[in-house]
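**Q** The chain contents come next:
Number of protein chains: 2
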Amino acid sequence: MSVRAKALYTFQSENKEEISIQENEELVIFDENSVDGWLQGENSRGERGLFPASYVHIIRNRSGSNLTDHSLSSPGSSPGKDLSYINTTSTALPSDDDDDWDDWDETSTVVEDEDPRRGANGHSQSPYSNPNVHYRAKPYMERQDSMSSNRKGSMVGRNLNRFSSFVRSGVEAFILGDVPMMAKIAESYSIEMGPRGPQWKENPQPFTCSVEDPTKQTKFKGIKTYISYRVTPSHTARPVYRRYKHFDWLYNRLLHKFTVISVPHLPEKQATGRFEEDFIEKRKRRLILWMDHMTSHPVLSQYEGFEHFLMCGDDKQWKLGKRRAEKDEMVGAHFMLTFQIPNEHQDLQDVEERIDSFKVFAKKMDDSVMQLTHVASELVRKHLGGFRKEFQRLGNAFQSISQSFLLDPPYSSDALSNAISHTGRTYENIGEMFAEQPKYDLFHMLDKLSLYQGLLSNFPDIIHLQKGAFAKVKESQRMSDEGKMDQEEANGIRKRCRTVGFALQAEMNHFHQRREVDFKEMMQAYLRQQIAFYQRVGQQLERTLRMYDSL
Amino acid sequence: MSVRAKALYTFQSENKEEISIQENEELVIFDENSVDGWLQGENSRGERGLFPASYVHIIRNRSGSNLTDHSLSSPGSSPGKDLSYINTTSTALPSDDDDDWDDWDETSTVVEDEDPRRGANGHSQSPYSNPNVHYRAKPYMERQDSMSSNRKGSMVGRNLNRFSSFVRSGVEAFILGDVPMMAKIAESYSIEMGPRGPQWKENPQPFTCSVEDPTKQTKFKGIKTYISYRVTPSHTARPVYRRYKHFDWLYNRLLHKFTVISVPHLPEKQATGRFEEDFIEKRKRRLILWMDHMTSHPVLSQYEGFEHFLMCGDDKQWKLGKRRAEKDEMVGAHFMLTFQIPNEHQDLQDVEERIDSFKVFAKKMDDSVMQLTHVASELVRKHLGGFRKEFQRLGNAFQSISQSFLLDPPYSSDALSNAISHTGRTYENIGEMFAEQPKYDLFHMLDKLSLYQGLLSNFPDIIHLQKGAFAKVKESQRMSDEGKMDQEEANGIRKRCRTVGFALQAEMNHFHQRREVDFKEMMQAYLRQQIAFYQRVGQQLERTLRMYDSL
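Heads up: the sequence lines are chains V and L, in that order. Just so it is clear: in the first sequence, position 261 is 260 by numbering that gives the first Met the number 0, and no numbers are missing. Just so it is clear: in the second sequence, position 68 is 67 by numbering that gives the first Met the number 0, and no numbers are missing.
Take the hints with a grain of salt, since some may be wrong.
Copies of one chain are not kept apart here, so a pair can be met inside one copy or by any two copies together.
To be verified - Below, in silico cross-link-like pairs of lysine-lysine (DSS-like), each with a Cα-Cα straight-line distance of 27 Å or less: (1) Lys-326 <-> Lys-388; (2) Lys-244 <-> Lys-483; (3) Lys-15 <-> Lys-220; (4) Lys-358 <-> Lys-318; (5) Lys-388 <-> Lys-362; (6) Lys-381 <-> Lys-438.
Since the hints were made in silico from the structure, they are not lab data.
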């Protein structure tokens with residue numbers, strides 16, 4: 000039975016099966032039960048298709064309350080902001096894979112992780128979908144405002160806004176000294192002074208890890224289907240097999256634990272077409288980039304849960320390791336206790352300026368990465384559409400000329416006609432080469448840009464952590480000056496703020512290092528493929544030209 | 000004062016300043032006085048611009064007759080069917096050049112030539128604009144019907160349709176023996192048997208002729224402006240200077256005289272933008288092709304009027320030579336008397352089949368030339384628009400990335416930023432290269448296709464001449480069999496029909512020979528320029544790639 004609903008937020012469709020909906024638009028829903036967080040329905044323009052269940056209220060006329068926030072009962076996956084450039088053609092709804100948790104580990108203690116940051120940029124589940132907190136972030140909009148009510152009180156106390164990332168992450172508690180030092184901390188991450196300021200100390204056992212061979216697997220006699228990847232770390236050289244949901248489990252652990260670190264986003268979830276070749280290929284490429292970023296990060300690469308993910312090949316051990324990771328206490332605020340920082344004095348004012356400068360950079364880089372993503376996506380579309388079509392039309396027209404030349408037999412000029420026909424085929428072929436080319440260049444560029452969109456979108460919240468800490472330092476110093484606080488307590492706050500500052504600078508430093516390597520590599524790879532492309536086209540045309548020599 | 004008018008025919012705008020009008024559409028005309036055959040006005044969709052005066056009736060409410068056929072008073076130039084691909088940007092109306100005849104030769108005896116074929120395909124003046132014949136051809140539509148009333152009578156007599164090309168050209172009169180053999184015929188063109196049937200005997204003094212250096216000239220103290228071309232025949236090596244209107248005078252002489260020969264069309268007239276560089280360049284290129292075709296033709300190249308055009312450098316001599324050409328008696332029907340044909344017997348049935356086969360070929364070639372013209376014109380537009388834009392956008396996006404990298408000074412990575420910025424400029428440059436490329440390849444292809452559109456559009460009428468002659472032969476033979484005609488008279492008709500058949504076959508043969516040469520050359524030139532283009536792009540990218548090596 001179809002029911003009426005109202006759009007809470009504007010949603011832009013990104014795949015063929017999806018439809019766009021406008022905030023406040025009235026919708027008809029064909030089936031109230033969402034599948035994988037998606038509902039099927041019709042918008043006010045008569046378009047039919049899928050949209051995220053969490054974006055709509057279902058309107059119930061019979062009950063007293065006529066709005067039910069569907070998002071509370073269904074943690075739908077809100078789509079990321081990067082452009083999906085692969086057309087999916089299947090319209091069947093998926094029945095399995097990304098979101099089912101019932102096969103390996105039915106007794107999982109963590110069904111939905113609370114995510115301290117993820118979601119503010121619209122990626123994956125919303126962090127605000129805790130049913131106890133009747134509140135839902137609008138994608139893209141909350142981030143800049145999350146600190147707005149931070150400076151209200153004149154006391155150095157808890158912030159009133161329980162949803163600011165500063166509070167949620169536990170950094171506030173850490174700064175205020177509410178996180179007790181623990182007797183024994185096994186984990187430790189060092190920050191050292193490098194040529195360009197604080198930096199993470201390298202992983203003493205660096206390694207890489209391949210992600211290969213996505214293979215369709217079935218279980219329960221073919222009822223459930225999923226894709227398994229072969230994951231092989233370089234230091235063990237022993238492959239393990241992982242599904243997207245295992246990556247997703249690990250990702251949620253990372254978000255939970257690693258305050259002040261920009262955790263790379265997983266490739267986006269997708270409602271439809273998950274078993275199509277193009278999608279599988281794209282996800283694989285992006286998992287490889289994700290994995291490269293993980294292994295390159297001095298802190299993330301040393302995480303015990305990551306080690307477990309990379310090495311465990313036994314079902315029972317897997318379960319135990321998962322439990323252990325989920326019970327890890329050194330998460331959020333406690334994670335801040337694991338840092339070893341240098342003794343160097345850093346003026347807090349200087350640190351603040353460094354961070355402001357990074358913030359301006361990150362905003363501009365985010366914008367320009369977005370711009371390049373748009374242009375490259377459009378270019379893909381042109382390659383598959385306009386470019387291909389133009390060259391194929393040219394090829395057809397040459398073919399047609401060639402055919403006409405055969406029609407007056409005494410003058411049929413077979414050789415010329417043959418050469419022109421061959422030229423026609425060459426241009427048809429060039430059209431196909433244009434359509435194929437994005438696989439060799441633009442797709443890889445878009446993959447890397449997508450990774451960077453994710454990384455960059457984490458920084459505003461991370462920078463806010465530092466800003467919150469600064470505010471506490473200033474407040475406590477003022478209170479100490481006014482005799483309202485022990486100088487010792489104020490010194491403690493300042494000291495812990497230094498820790499946050501060092502960590503953030505180390506993370507900024509790491510980001511810049513990776514950025515240089517990644518963008519150099521991205522540009523080189525793109526240019527090499529472009530050169531090879533234009534050379535191939537030229538060679539095809541040269542071979543074709545030679546056919547006219549003998550005429 | 001603006002007046003109302005009604006469109007007599009549909010006109011498709013081909014330039015920016017022109018507007019399309021539909022048959023029977025009501026129009027507003029801003030000024031009744033046409034300029035160079037064009038009126039300015041507004042159509043029913045509110046579009047304002049130029050359209051041919053000859054396509055509309057002006058509606059006079061005050062007079063008894065409310066329709067004035069504007070075409071009778073103004074022999075407007077109806078646009079050809081080939082696509083104009085150069086955007087003109089000037090909106091000023093031309094004041095001179097193509098159509099003024101008042102400078103060299105005010106006393107010209109021929110103001111408007113009657114053109115036996117030209118116009119049926121919509122090119123240039125209509126052949127039907129003789130004010131004594133209140134009749135006007137619809138462009139594109141009359142050709143196929145011109146013979147429809149040909150076989151009415153049971154007598155071998157004059158056809159009733161005075162507008163059929165068979166009648167107008169004088170070929171009917173020739174076939175029926177109404178053109179008396181003249182005492183002394185100075186002109187003579189031989190047809191000989193070649194390996195592929197009848198062919199024109201080569202010009203014993205073959206030559207070529209260059210058309211160069213279009214130069215803007217003024218006279219009457221700058222009031223009149225025109226373009227002059229340097230025309231240099233190879234056998235004299237002495238340049239003469241000619242304007243478009245002189246070409247046009249010659250062209251009209253050719254049409255008048257050369258029955259059964261496919262006279263190449265002149266590049267089209269254009270109402271606006273005639274002094275713009277692109278237009279001048281395009282006209283020059285097409286005059287060169289026209290000239291090449293003229294000098295390559297064994298009959299046309301030997302025409303006395305052509306010799307006069309190529310050699311006369313003296314104003315007085317020019318006038319005398321023009322008069323002589325205009326008084327030439329060996330035109331139309333009489334031109335048929337100048338042929339020397341071989342003695343070989345050709346079965347009339349076989350000849351008819353040969354011609355039918357050519358007709359099928361010519362139709363298909365005409366269609367495919369049109370198709371290729373469309374595709375190539377569209378490709379030009381894409382080069383100037385879409386292709387250029389896409390690459391420039393890509394370049395801009397790279398520039399933007401490069402700029403963002405400079406914003407966090409400790410990590411500004413100048414060298415990488417510089418290389419990416421250079422990559423951005425390279426792609427902007429590649430965008431410009433795409434926009435420039437049609438000048439090197441597609442324009443030349445379109446020029447040649449336009450020439451062939453003209454040549455091919457002549458053939459239906461020429462073939463109808465032969466068909467008319469066949470019909471007369473069959474009719475006369477039947478009458479002779481029934482005793483209603485002397486066998487001798489019937490034999491005379493058959494003999495003269497042989498002459499027409501030989502001439503047409505020679506012309507077909509010549510067309511095929513040129514076609515082979517021209518299309519081979521066109522394809523080779525296109526491929527060579529395409530190869531050079533893709534190589535240049537590749538080289539630019541290679542130089543750019545090298546900038547990353549030192550990073």
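**Q** For each hint, tell me whether it holds in the structure or not.
**A** Right, here's what the structure says about each hint:
1. Lys-326 <-> Lys-388: neither (57 Å within a copy, 55 Å between copies)
2. Lys-244 <-> Lys-483: Neither: 51 Å inside a chain and 101 Å across chains, both beyond 27 Å.
3. Lys-15 <-> Lys-220: neither (31 Å within a copy, 68 Å between copies)
4. Lys-358 <-> Lys-318: This pair counts as neither: shortest intra-copy Cα distance 41 Å, inter-copy 82 Å.
5. Lys-388 <-> Lys-362: between (38 Å within a copy, 26 Å between copies)
6. Lys-381 <-> Lys-438: both (13 Å within a copy, 23 Å between copies)
Violation of the numbered hints given earlier is confined to hints 1, 2, 3 and 4; the remaining hints are satisfied by the structure.
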